[in-house]
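Model the full structure from these sequences, guided by the hints.
Protein chains: 2
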Amino acid sequence: MKLKRTIIFFAALLAVQTCLAQPAIIEDFKPSTLNQPGQMYPQVNSQGYARFRIVAPYADSVKASLGLGGRGGTKLTKTGDSTWMGTTDGPMDEGFHYYHLNLAGGVFNDPGTLNFYGSTRWESGIEIPAHDEDFYALKNVPHGNVQQVLFPSKSTGTSRRAFVYTPPGYEKDKTKNYPVLYLQHGWGEDENAWANQGHANLIMDNLIAAGKIKPFLIVMTYGMTNELKWGHLKEFKVDAFQTVLVDELIPYVDTKFRTIADVAHRAMAGLSMGGFETHSITLSKPGVFSYYGLLSGGIYTTEELKDKIKPKLIFISCGSRESPGVIKDAASKLKEAGFNVVYYVSENTAHEFQTWRRSLHELAPLLFTN
Amino acid sequence: MKLKRTIIFFAALLAVQTCLAQPAIIEDFKPSTLNQPGQMYPQVNSQGYARFRIVAPYADSVKASLGLGGRGGTKLTKTGDSTWMGTTDGPMDEGFHYYHLNLAGGVFNDPGTLNFYGSTRWESGIEIPAHDEDFYALKNVPHGNVQQVLFPSKSTGTSRRAFVYTPPGYEKDKTKNYPVLYLQHGWGEDENAWANQGHANLIMDNLIAAGKIKPFLIVMTYGMTNELKWGHLKEFKVDAFQTVLVDELIPYVDTKFRTIADVAHRAMAGLSMGGFETHSITLSKPGVFSYYGLLSGGIYTTEELKDKIKPKLIFISCGSRESPGVIKDAASKLKEAGFNVVYYVSENTAHEFQTWRRSLHELAPLLFTN
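Protein chains in written order, with numbering that gives the first Met the number 0: chain A, 0 to 369; chain B, 0 to 369.
Just so you know, the hints here were simulated from the structure itself, not pulled from any lab data. A quick note: this is a predicted structure, and the numbers were derived from the prediction, not measured. Positions of the beta carbon are idealized from the N, C-alpha and C atoms, including for glycine. Be a bit skeptical, because a hint or two may be false.
Stated by the list, open to error - With a cut-off of at most 25 Å between alpha-carbon atoms, the simulated SDA-like pairs for lysine to any residue come out as follows:
no.: 1; chain 1: A; residue 1: K153; chain 2: A; residue 2: R52
no.: 2; chain 1: A; residue 1: K138; chain 2: B; residue 2: D261
no.: 3; chain 1: A; residue 1: K138; chain 2: B; residue 2: G156
Unchecked claim - To give an idea of the chain B side of the interface with chain A (calculated C-beta under 7 Å), a few residues:
no.: 4; residue: V54
no.: 5; residue: F134
no.: 6; residue: Q146
no.: 7; residue: S158
no.: 8; residue: Y169
no.: 9; residue: K173
no.: 10; residue: I249
Okay, structure coming up:
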């Protein structure tokens, strides 16, 4: 009887272990492409596992905030040589992830990685190789430039920064003018995000080199003109940013760059909070943009759009780990109501930059075509 | 007798203390201008003291590497609320300083500050207000742009990054061409340094707005094409970088930007290792540049320059805490030999960016004028 129970117990244990077990980790780890020059850690393997190594011999404990959802990150363990090492408890989603370290009771960045502004702080970043990474790879094709501009803003009393992507060839034909996409980052990020972790410039360079799109400019500026705490998105007042964007930045760009300065050749899109901003501003200023893009940033309803100038395109997207049903449903209702709508779901990604890189890659060929 | 000795002892102690004492610290500390958004620490006061505050309740000790020369930085002490605080043991030199934290036996950045690439890693940075900070302040004047360009480099088989400063008005008169300064960073830094911690773009914007210089372009790229360890500068081979600069970047810039593409309108300058590079390349490629600038980066001798095309200007500079005698001596010998030479010594600064900001501010008005 006791033996039988023991056998049943171990059989059950084996079944549970088999069920929970991740595939065996393949030991082909390489330094993440976002490491600081010469830094060997963090590393990633071909399955998407991330491995960390931190030198902190006198730390009480070290944790990397990256790990499977809800499991609270990866606890590192001390090795013989006084460093701490740890590997995520499963493969990470493809693409870019922010993370940080917890050690000695504080929050610090991993000294091995470059830093990326997210969650209102410069965080560590890691890149998990993706099956489709070719579309944002730095390749031997003609490259556009990313220009930092400092534009005067009377409404805020400041010189504000924007980045402007100009496509390859922009400097050549000095009589040619271009459409413009105004592209916004998410909550806690800033105007660096799209050209840095987003690779917006490389996505454009590659699409242009492949002849898949007609060149246009992309303008990226800071969308958080007032203080906003996490979880309080609904309290966000977009008015101050709308003034900066519509009354100050657009006229500045139209003066300083060779744009086609009309509504038919102006698009706005944004990710997450930048989607909320796009939603608000396109609805309250319907004569400014013709193409609207919400990337993990909500939807439009037919109710909101009635009695407004009809946009040439509505693009809505999200990751498959977000709420793709909501996107599909909204798209079908808008289509029924006669809107030109395209929806896109990024497979096996969440509310992260791989979703938005892919979304831009899908959106760009649709812009300024009708 | 005992009383007398005691009095003498205390008098002597008082004298020693008075002698060593720094001026009383004025409690007007404010967050450094290089802090991350919303971060209150580190702080600086009107005397140039820096004060640090780090949340790390379980750290064994916390040290900030910033402190008076040779004294090994600032040890922080634990306060009641489990944070660590500390103030430098004296005023810091005016301007920008790199630093990092030592805690738990490892090296981490201060989570309060922005990061700057120096010493081949992204370091914390702090800005000590300077009496002359107006010349690199962000002011309400027309601003030039800083463009990221990715240029093809056959010799290294890579797409390489450069930043190009174009002055305000560059986009307006499409027939106007400009001279170009090629400006190099120091050892352990990269192409970000001059426009980031160096404020080269703001220095130019302000000089142009004040009518003190004629506008020109500045091109900044990465000068460390091969591995180089600290203390091995003499082993550095400049050849690989010379090929990238002279055979690849200059032709690219002359094609993509409206430059005056001749030797009379091309200058090269660099700080520290960038000065060594300038020295080497101007001597081995005498038909490429007309204006030479070494900023804390050595000197030219008359011996080196004989039988070469005479440069239109030699500019040599350093901080007063470096070796100003060497600079002055070299300048007087070059002057005697008939060269157009200008030397500049930055008062009360060392081998740091305030010296180089000031040096660029002195150099710029001299360029392309003869």
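For this structure, which hints from the list above don't hold up?
1, 2, 5, 8, 10
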